[in-house]
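Between the sequences and the hints, there should be enough to build the whole structure, so can you do that?
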Amino acid sequence: MNPLLRPGALRRCAFAALCGALSAAAPGAFALPMASEGSWMTMGDFNSAGERDLAVNHAVTGRDAFGLMATRWKEPVLHAGLHEQHHEREAAGLTYTRLLHRWNLPHAQANLWFVGSVGRAWGHGWAGDRSYVSPAVMADYETTRLYLGAGFEPKRGSGLRHDSTWVRAGFSFYEVDYEQVQPWFVIESKRVRYANATRDEVTPMLRLIHRGLFVELGRNREGTQFNFMWAY
Amino acid sequence: MQTRRPMSLARHMMGALAAAAVFVLPGAALAAEAAQSLKLQVNGMVCSFCAQGIEKRLKALPAAGPIFIDLRNKVVAVEPLPGQSLDAQKVASEVREAGYEVVATETVAQTVAQIRAETRAARQGR
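Line order of the protein sequences matches chains H and Z.
Note that the working numbering has the first sequence beginning at 14, numbered continuously upward.
Note that the working numbering has the second sequence beginning at 41, numbered continuously upward.
Note that these hints are calculated values from the structure, not bench results.
By construction, the Cβ of each residue, glycine as well, lies at the ideal position given by its N, Cα and C atoms.
Some chain H residues near chain Z, calculated using beta-carbon distances under 8 angstroms:
| id | residue |
| --- | --- |
| 1 | LEU45 |
| 2 | ARG115 |
| 3 | ASN117 |
| 4 | PRO119 |
| 5 | ALA121 |
| 6 | GLN122 |
For each label pair, taking beta carbons as the anchor points, the in silico distance ranges come out as:
| id | chain 1 | residue 1 | chain 2 | residue 2 | range |
| --- | --- | --- | --- | --- | --- |
| 7 | Z | VAL143 | H | ALA182 | 22 to 30 angstroms |
| 8 | H | PHE239 | Z | GLN154 | 38 to 46 angstroms |
| 9 | H | SER144 | Z | ALA100 | 38 to 46 angstroms |
| 10 | Z | ALA100 | H | PRO167 | 33 to 41 angstroms |
| 11 | Z | VAL143 | H | LEU91 | 51 to 59 angstroms |
| 12 | H | HIS120 | Z | ALA103 | 28 to 36 angstroms |
| 13 | Z | THR145 | H | GLY172 | 51 to 59 angstroms |
| 14 | H | GLU101 | Z | ALA153 | 54 to 62 angstroms |
| 15 | H | LEU125 | Z | ALA153 | 35 to 43 angstroms |
| 16 | Z | VAL143 | H | ALA208 | 49 to 57 angstroms |
| 17 | Z | VAL143 | H | VAL131 | 37 to 45 angstroms |
Spelled out as structure tokens, the structure:
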């Protein structure tokens with residue numbers, strides 16, 4: 014039987030295609046995970062090892078956004094104490110982003126965010142789909158020259174554990190006008206806990222911001238990392 | 041007749057000058073009056089994403105013309121379209137609705153282009 018004709022596979026393909034078409038993703042390590050009221054935000058994290066997050070959301074108020082996400086990750090499989098192989102996992106779902114609090118300071122801004130997601134996950138070694146829930150919290154502090162951020166994003170379901178914790182710090186090389194491109198150096202330290210393994214990675218990145226477009230390019234042990242955000 | 045022609049010419053010139061004084065100069069004064077902008081000091085406006093949200097809301101105001109955003113000094117300046125006026129409270133409210141704190145609002149007798157040029161000149165002078 015054609016694997017695409019299996020009921021579960023067809024549903025997964027349709028769901029993934031829908032999310033992909035809408036540029037969907039996990040709102041992982043982003044600075045501002047939603048745009049201003051009435052605007053859309055598309056976010057993506059990709060690395061050359063094959064992991065990727067895509068997300069899109071729409072801000073219905075200045076503090077609330079609803080969206081879609083799709084993610085793919087590789088879960089290390091412990092074999093005789095060594096990470097000799099991995100299972101590929103995928104998930105897609107709905108997201109709700111809430112700005113819990115913003116501190117507007119004379120020369121800085123700080124935010125506390127909640128990003129919740131529910132959906133379905135599937136992958137190697139699992140018999141069928143399963144539901145997941147992901148209540149994430151993030152915090153950031155930013156000036157025109159300094160950026161600090163941290164977040165915790167647990168993703169749980171039956172037999173599923175994918176808990177990401179990250180901290181980020183960065184500085185801009187110089188201040189710019191609003192119309193100019195601003196370059197930043199950012200370093201991220203991230204720990205992902207799976208059901209039977211833990212993975213740590215440190216990624217130094219070059220970040221460029223211009224108006225509503227934000228791109229990051231970095232490299233870690235897993236490969237090259239590319240992130241983007243686009244507010245429109 | 042020959043002696044009256046120069047007098048007539050002088051009268052015409054005086055009349056033209058008077059007309060200019062009556063009709064043109066007040067027009068120039070009105071133009072100068074129209075060259076007023078609102079300047080807002082905005083706490084929390086530290087990134088271009090923040091500024092973009094503010095800019096988008098202000099551009100949606102029917103009377104809003106050119107806008108200048110100075111991230112370094114946390115200043116937003118907006119100029120009304122010709123012949124229109126901006127409600128300072130409404131502009132400040134839009135910035136607050138975008139998620140930022142307005143700590144000061146002032147009306148200045150400058151265009152946004154002048155504010156932009158002045159800001160850049162001050163920066164280069166440092």
